[in-house]
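Colleague: Sequence lines, in order, name chains A and E.
Per my numbering, the very first residue in the first sequence carries number 2; after that it's consecutive.
Per my numbering, the very first residue in the second sequence carries number 2; after that it's consecutive.
I should point out that these hints are in silico values taken from the structure, not numbers from a laboratory.
Careful: at least some of the hints might be erroneous.
It does not matter which identical chain is meant; a pair holds if it fits inside one copy or across any two.
[Stated by the list, open to error] DSBU-like mimics (lysine-lysine), calculated; alpha carbons at most 35 Å apart, straight line:
| no. | residue 1 | residue 2 |
| --- | --- | --- |
| 1 | Lys156 | Lys13 |
| 2 | Lys156 | Lys218 |
| 3 | Lys105 | Lys156 |
| 4 | Lys156 | Lys71 |
| 5 | Lys218 | Lys105 |
| 6 | Lys211 | Lys13 |
Nothing here was measured: the structure is a model prediction, and the numbers come from that model.
2 protein chains.
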Amino acid sequence: MEIQVMTNILDKNDRIAAEVNAIVSAHGIFCLNLLGSPGAGKTSLLERTIAELADEVNLAVIEGDLFTAKDAERIARQGAPVIQINTGGGCHLDAAMVKGVLDKLDLYSLDMIVIENVGNLVCPAEFNIGEDVKAVVLSVTEGEDKPLKYPLVFKEAGAVVLNKVDLLPYLNFDMAAVKADVCSIHPEAALMEVSCQTGTGLAGWYDWLKVQIANKKAGCWRNG
Amino acid sequence: MEIQVMTNILDKNDRIAAEVNAIVSAHGIFCLNLLGSPGAGKTSLLERTIAELADEVNLAVIEGDLFTAKDAERIARQGAPVIQINTGGGCHLDAAMVKGVLDKLDLYSLDMIVIENVGNLVCPAEFNIGEDVKAVVLSVTEGEDKPLKYPLVFKEAGAVVLNKVDLLPYLNFDMAAVKADVCSIHPEAALMEVSCQTGTGLAGWYDWLKVQIANKKAGCWRNG
Numbered sequence: 002m003e004i005q006v007m008t009n010i011l012d013k014n015d016r017i018a019a020e021v022n023a024i025v026s027a028h029g030i031f032c033l034n035l036l037g038s039p040g041a042g043k044t045s046l047l048e049r050t051i052a053e054l055a056d057e058v059n060l061a062v063i064e065g066d067l068f069t070a071k072d073a074e075r076i077a078r079q080g081a082p083v084i085q086i087n088t089g090g091g092c093h094l095d096a097a098m099v100k101g102v103l104d105k106l107d108l109y110s111l112d113m114i115v116i117e118n119v120g121n122l123v124c125p126a127e128f129n130i131g132e133d134v135k136a137v138v139l140s141v142t143e144g145e146d147k148p149l150k151y152p153l154v155f156k157e158a159g160a161v162v163l164n165k166v167d168l169l170p171y172l173n174f175d176m177a178a179v180k181a182d183v184c185s186i187h188p189e190a191a192l193m194e195v196s197c198q199t200g201t202g203l204a205g206w207y208d209w210l211k212v213q214i215a216n217k218k219a220g221c222w223r224n225g
Numbered sequence: 002m003e004i005q006v007m008t009n010i011l012d013k014n015d016r017i018a019a020e021v022n023a024i025v026s027a028h029g030i031f032c033l034n035l036l037g038s039p040g041a042g043k044t045s046l047l048e049r050t051i052a053e054l055a056d057e058v059n060l061a062v063i064e065g066d067l068f069t070a071k072d073a074e075r076i077a078r079q080g081a082p083v084i085q086i087n088t089g090g091g092c093h094l095d096a097a098m099v100k101g102v103l104d105k106l107d108l109y110s111l112d113m114i115v116i117e118n119v120g121n122l123v124c125p126a127e128f129n130i131g132e133d134v135k136a137v138v139l140s141v142t143e144g145e146d147k148p149l150k151y152p153l154v155f156k157e158a159g160a161v162v163l164n165k166v167d168l169l170p171y172l173n174f175d176m177a178a179v180k181a182d183v184c185s186i187h188p189e190a191a192l193m194e195v196s197c198q199t200g201t202g203l204a205g206w207y208d209w210l211k212v213q214i215a216n217k218k219a220g221c222w223r224n225g
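Using the sequences provided together with the hints, build the complete structure.
Modeller: Dropping the structure here:
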């Protein structure tokens, strides 16, 4: 009975996600679903990305949070269009929430939409929200055991961004182990070591995004 | 319809939680539900706590994880009885899961059971699992905006443990702001600054636990 309800929810969600992806694809917009624990650095990564790619990429952000518009305010200060979705306590975004705000964005002008999901390494990984690809941010302060403990999000993510590497000298963090575990779960995932504080490694992230955007414009991305 | 299903789940869960609490209370055992993001330091806090209180407190741990027994293995190495619950991808523990493993513990010998919940700042806060009180671990690396972004867990928690303060010199973290926000959400919460790496501040945590255990033995704790 519970399984039946869940199946219905996911089936309905997947249909709406396909709608969302069809809409953004009609505009050639690359759509990224950005995941990670609370405080992993998702918003910081977006702040740097907006500033760095301002001249090359027309980028908008959809911010998902339980409450508050704190992250949306940070994004707005960087000068990018941003829409806030508050889930009112809900643990993940779903496709209907995204569909409900799409018409607030000027889709004709955009190259990329980044949807920053609710800070949660579990539930958001289960829901397609219309993205072309998911990326996950893992802070090295969270410890190297996280890929094996939360495998779904790493299996789903096309890119794994290991953030806060500026703190590595003060942590016991086994970088080789985390890389081996990510590779065992998802061998094709792009893996980057970055610091949104110092800027280390972010060039690789920007390059990865630009490849995705170019692929989308060339019609290479297919959802699902 | 969805709301109805959720109401039924929570009602059933609360009845089983009351059963769990009645069982542990019959033995005078203080039961703590330990919450926090992935990598906040819940297991590290327990490792230190087991070692420090070994001579004074008979303590067992129930470990909740999606997959793996990594945390249970760390606890077992400290010499405490430990039971692993794997949710198989589920984002929180519920009371039935806890009830299902209680008879694997020697309840006659225990002063305290700590249930380490799934690493998730959202969903576990919604479920009573039979505990006397919840505590939340927040790593300062997660940023000072977390109480306002995830208010329920801070509203529910009797103690807020701010962990990894040894990293404060390398972070932009506004300690005054986080304290003010926790106080605005839950003025009665005990608030501690600790480092499970260096041991800073942990004496206050041990004292808080000992008071809870003494109160429980004196019959002061009531669930719900």
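Colleague: Now tell me if each hint is right for this structure.
Modeller: These are the hints, each one checked on the structure:
| no. | hint | result |
| --- | --- | --- |
| 1 | Lys156 / Lys13 | both (22 Å within a copy, 33 Å between copies) |
| 2 | Lys156 / Lys218 | within (25 Å within a copy, 46 Å between copies) |
| 3 | Lys105 / Lys156 | both (32 Å within a copy, 34 Å between copies) |
| 4 | Lys156 / Lys71 | both (29 Å within a copy, 19 Å between copies) |
| 5 | Lys218 / Lys105 | within (22 Å within a copy, 58 Å between copies) |
| 6 | Lys211 / Lys13 | within (32 Å within a copy, 50 Å between copies) |
Hint compliance for this structure: no hint is broken.
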